[in-house]
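Engineer: Residue numbers (our numbering), protein chains in the order written: chain A, 599 to 907; chain B, 712 to 994.
I should point out that these hints are in silico values taken from the structure, not numbers from a laboratory. Glycine is no exception: its CB is placed at the ideal position from the N, C-alpha and C atoms.
Under 7 Å between C-beta atoms, here's a sample of chain A residues computed to sit facing chain B:
hint	residue
1	Arg-679
2	Tyr-684
3	Pro-686
4	Leu-688
5	Ala-708
What follows is the residue order along each chain.
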Amino acid sequence: MAAPDRASTPAIELDGIVKTFGRTTALDGLSLTVGRGELVGLLGPNGAGKTTTIKLLLGLARPTRGSGSVLGAPLGDRAVRARIGYLPELFRYQPWLTAREVLALHARLANMPIGRRAAAIEESLDRVGLTDRAGDAISGFSKGMQQRLGLGVALLGEPELILLDEPTSALDPIGRTDVRAIVRSARDRGATVILNSHLLTEVERVCDRVVILHRGRTIASGALDDVVAVDGVRVRVTGLDESGHAALETFGPVAVDGEWLEVRPLDAARIPDLVAAIVAGGGRVHAVEPGRGSLEARFFELIAGSTET
Amino acid sequence: MILIARLTVQELVRRRVVWVLAALTIVSVLLVAFGLSRLVELAREDGVPELQIRVGVSQVLIMIAFMFSFVLAMTAAFVGAPAVGGDLESGVALAILARPLRRADLLLGRWLGSAVVVVLYAAASGLLAIAVAVVISGFGPPQPLVAVAFLAGEALVLLTLTLALGSVLPTIAAGAIAVVGFGLGWMAGVLGGVASALGVDALRSVAEFSRWVLPTDGLWRGVIYGLEPPLVVMIAAGEAGDLAEANPFYATEPPPLVFIVWSVLWVALVLGAATWWFERRDL
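Whenever a hint applies, use it, and build me the whole structure from the sequences.
Structural biologist: Shown next as structure tokens:
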């Protein structure tokens, strides 16, 4: 599977990509570089161009202008797709096939060597928790199970690049946790993963880096803490008296909700000082949850910023 | 391409399309058997000459073939329109085409798998109906294989058209356009016959043009030719002369070779154009 160009080229490189659909501009000069083995969250509101970006990477759509490469091959290259796993946002698989048959079909379509197929299929079924339902027709699957199957299809044969477009939209909290574990293990074995989502909480727990798109352009890129900074904290406290409460006002506005105190805004660097002040005031600290500003709020800031520039 | 073709046949079997077609074949053959046996029985009771019965059976077979060609056109439209269009609309195509599969292989594989099912249906239904007629009346059409081949050809043309349109337009629109086109083609053929009989050259040219644009009606003439006993051809030609051409259930000669070649080329050209377009469109 390892290509000779593996180390020398980034997994993804897009340079000034413009994509228009009629009079609508989906991507407006998008440039993006993703290194090998990175786990990147592609964030943005609906219509930001996330899905279009993924489709361009897979040759499902062609750029109007601009150029790029995927795993060292130019955009639109057919052979390179054997090394890419993809979960579409609109995940639908042949309802008259069983889960195992869908994976077998994709193993063949991906030109996987015959000798490797059976083991890869069983491994994929096991990874997404569908081994017990492998022989059932997909028409009887819930949306969540179909999304698990889609994830299994995307991970089949340990591809070098995995593109997941809204991978948890139909999953319950347990399923979301499973997806995080699956994504991390894929990254740990060296795969590059692009996680496409409009949910900040979805990507903040797993991604090394986030890229925020708006109207087809990158408006922010970097580590999550850099892009959406910690701007407050929630602390669960017992035993803090009136004077202890009053002392905390020096850190910023304090909101009380039962045993929880919320101080916002508060610079992340001051959180240890806040905890120390609570303890000094006689309080017992049971939990500390640094809080980020909402993605929506950050979007508004970034969008306002990008409009000004 | 073969993988997709096999997948298409598997789909049509699992989605019970093949079983429904098989059941329809059995029902239609039983109805043909019942109708023809009563007809022949009554005619023989009335002392109708065998030659006349033979002519009657041939005309009934042509009528049945005509109705069956409509059923076949609808079948081709229903199978062809969603073959690629359905995959695009449902999103199944996104997952498949994200693999190193040529789009042409998806389109042509879908066509091949659908064509196998439609042609087998046409052949099974057509040959069984003819066999039943032979068993019951003792008379069979002169060229049953030719008739069935043209019938299957007609279905293939419609299948190709709907599948090609389905890769560009919504599936419902693709199916509707194909069925309407089939009907218009047939009507143009009738009008062309009338125009020939009455010597209206302008109308005849339009009809002839439409026959080449959508070759279903021309192929239908081949079906009739395969089913028509030579005696009927001779009598009709002798008595009615040019007016016989106005009858849509009558053909004095098979479609010319150049038309048959054009029909094959038409299928190839439409598939080629659909593939060219499909290769370039965004999904």
